[in-house]
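S.K.: Kindly generate the complete structure, drawing on both the sequences and the hints.
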Amino acid sequence: MNIHEYQGKGILKQFGVAVPKGIVAFSAEEAKQAAEQLFEEQSSPVVVVKAQIHAGGRGKAGGVKLAKSPEEVFEVAQKMLGATLVTHQTGPEGKEVRRLLVEEGMNIDKEFYLGITLDRATSSNVLMVSTEGGMEIEKVAEETPEKLLKIHVDPVYGLQGFQAREAAFFLGLKGEQFRNGVKFIEALYKAYTTIDASLAEINPLVITKEGRVLALDAKINFDDNALYRHQDFHELRDITEEDPLEYEASKSNLNYVRLDGNVGCMVNGAGLAMGTMDLIQLSGGRPANFLDVGGGASPKTVEEGFKIILGDKNVKAILVNIFGGIVRCDRVAGGVIEAAKNIGLTVPVIVRLEGTNATEAQKMLDESGLNLISAKGLRDAAEKVQKALAMA
Amino acid sequence: MSVLVNKDTRLVVQGITGGEGTFHTSQILEYGTNVVAGVTPGKGGILYNGNEKDQFCRPVPVFDTVQDAVDKAEANATVIFVPAPFAADAIMEAAAAGLKVIICITEGIPVNDMMKAYSYVQEKGAVLVGPNCPGVITPGEAKVGIMPGFIHKKGTIGVVSRSGTLTYEAVHQLTEVGLGQSTCIGIGGDPIIGTRFLDAVKMFAKDDETEGLVMIGEIGGTAEEEAAEYIKKYFKKPVVGFIAGRTAPPGRRMGHAGAIVSGGKGTADEKIKAMEAAGIHVVENPADLGITMLKALGRA
Chain A
1 MNIHEYQGKG ILKQFGVAVP KGIVAFSAEE AKQAAEQLFE EQSSPVVVVK AQIHAGGRGK
61 AGGVKLAKSP EEVFEVAQKM LGATLVTHQT GPEGKEVRRL LVEEGMNIDK EFYLGITLDR
121 ATSSNVLMVS TEGGMEIEKV AEETPEKLLK IHVDPVYGLQ GFQAREAAFF LGLKGEQFRN
181 GVKFIEALYK AYTTIDASLA EINPLVITKE GRVLALDAKI NFDDNALYRH QDFHELRDIT
241 EEDPLEYEAS KSNLNYVRLD GNVGCMVNGA GLAMGTMDLI QLSGGRPANF LDVGGGASPK
301 TVEEGFKIIL GDKNVKAILV NIFGGIVRCD RVAGGVIEAA KNIGLTVPVI VRLEGTNATE
361 AQKMLDESGL NLISAKGLRD AAEKVQKALA MA
Chain B
1 MSVLVNKDTR LVVQGITGGE GTFHTSQILE YGTNVVAGVT PGKGGILYNG NEKDQFCRPV
61 PVFDTVQDAV DKAEANATVI FVPAPFAADA IMEAAAAGLK VIICITEGIP VNDMMKAYSY
121 VQEKGAVLVG PNCPGVITPG EAKVGIMPGF IHKKGTIGVV SRSGTLTYEA VHQLTEVGLG
181 QSTCIGIGGD PIIGTRFLDA VKMFAKDDET EGLVMIGEIG GTAEEEAAEY IKKYFKKPVV
241 GFIAGRTAPP GRRMGHAGAI VSGGKGTADE KIKAMEAAGI HVVENPADLG ITMLKALGRA
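Just so you know, the sequences run in chain order A and B.
Per this note's numbering, residue 1 is the first one in the first sequence, and the count goes up by one each step.
Per this note's numbering, residue 1 is the first one in the second sequence, and the count goes up by one each step.
Worth double-checking, as some hints may not be accurate.
[As the list claims (entries may be wrong)] Footprint (simulated), chain A over chain B, 3 or more residues, beta carbon under 8 Å:
1) 87-99
2) 148-156
3) 180-194
4) 198-205
5) 234-248
6) 279-292
Since the hints were derived computationally from the structure, they do not count as laboratory data.
These numbers were taken from a predicted model, which means no experiment stands behind them.
Backbone N, C-alpha and C define an ideal beta-carbon position, used for all residues, glycine too.
M.R.: As structure tokens, this is what we get:
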């Protein structure tokens, strides 16, 4: 699950991670009021208005603006709210801005990078610091690896003081800045593990001329497997940031990812689902989605799956690929036929079932009188998809 | 020989009385695997016969702890069906009891829990397979997992894969072209797994019965590249490979918690390149796995 910057900062603050004073605003009027409050409390002559969308690269796209008065904040907010931001992470369609974060201005001395994430190669968390604040960290790792320090943290013992100090020294911090930096790193690690995050990225981490160390931006992702431990995080979900079909699918517990192709697919198992997407590409189509309906492929999930796939108007054909295994194919075929009848299929559906009673299942599909085409094996399935596309 | 499990396997099923545990134990028993015990804390002392829906072909004694299963029933391997919030604990309990082969089927274990369990298992010197995997099968000897037994055939091809159903696909194709399997290992789709491709490849390298290897990877992480590096230098048997997810967009998780291209790393193309450089016969179409192995062995 992804959350907004202001939500991430709100959580981090509870763990003692220093963040700028900020107020979320859903309208230009709210933004103005927030600015009035901030100008009263802060010494800086500016506040920052930041578009809240689930994507990075906002600054370059015009989603971060400075303002010198509440009136100016009002103007900026009016322009920003409702506008569509296109960044390198949003895709060409962009994302509509519906929330703003109004934040105190900073007397920035230096900008750094600080991140914590899982390192799969060592099965442990890795703390990363870099002197190149505001840069994409992958680029830093590739082009100037000497400017990036990675510290692996033993999952049993957690982050140690010497490791936090090593990171702060690497950034060249001294005196007050050093003390605040170490405190910041330790608090961030504590937050990361306590909330079961899968990523905590502070980019940039800023050092002010007064010696403060703060998170100017914060990106927090959660480990979805651990969300059951954090029921209160569910309310942080912003469904307007999600694809409507993906949201529908998640309500039925279906694992669906929308893509931009023309052939929908419904598969049991994630690996086979990816393999099926690749197969569609090889047969001259483009996959319209990833959809794993789980091992059982019950009639109910199949029906839900069809509904979701057909909700995407680009879909010209559907490939159902179920490796029956322990579930019998005739049962799955029965479910597919039932679902097809209930929904009323508008596009050809190629069904490949493998496993026990596969032949009976094929017969059932072919004799159903519905727009169902049975296939034997992956190659045959691919050929039939190709044929269906040619006729569409 | 074979890898990890065989006719000498004395299996304990952790979480045997739960829905999943009961159903799959009935299948495991039917396959002929030597299940010697089950563990459900608080239900120790009963002889479990399955439930109304899934009857066992013979009863299995249930113990409160894995240690009891080891002491009293001489279990030497475990398969775990314990629900995700308690599964990491179950893995550690198995390792603490001295079991050296721990196969965890459970999906959805929090990364934080798994990191600790992984570290613990390493310290105890046990082999963990999974989590979030179909398990391990040595056809004709022992099925320790949720794969459909009947598609397998005893033979000489090893299979290692991050996916469940895609593994069945590969096995099915191998069996159809007349190639049986020595052992098939589903290593699992999570970012932290006990047995990685490299570990599995090393096991198959040492197994005299294995003549060739099918390796099925997917996007995310760099475990395929790691294994390819080893194969290039040391693995002398033919390897056929496939990487799922060529068409998956970056930054999106494809079902498996570990199947994600992040920061430009873990793409299918990178993996395919590394595997081809290691002399692995990488197929573009997953329909070609079986036939390509036949060719690689010079039997087509």
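S.K.: Any hints from earlier that this structure breaks? Give me their numbers in increasing order, please.
M.R.: 1 and 4
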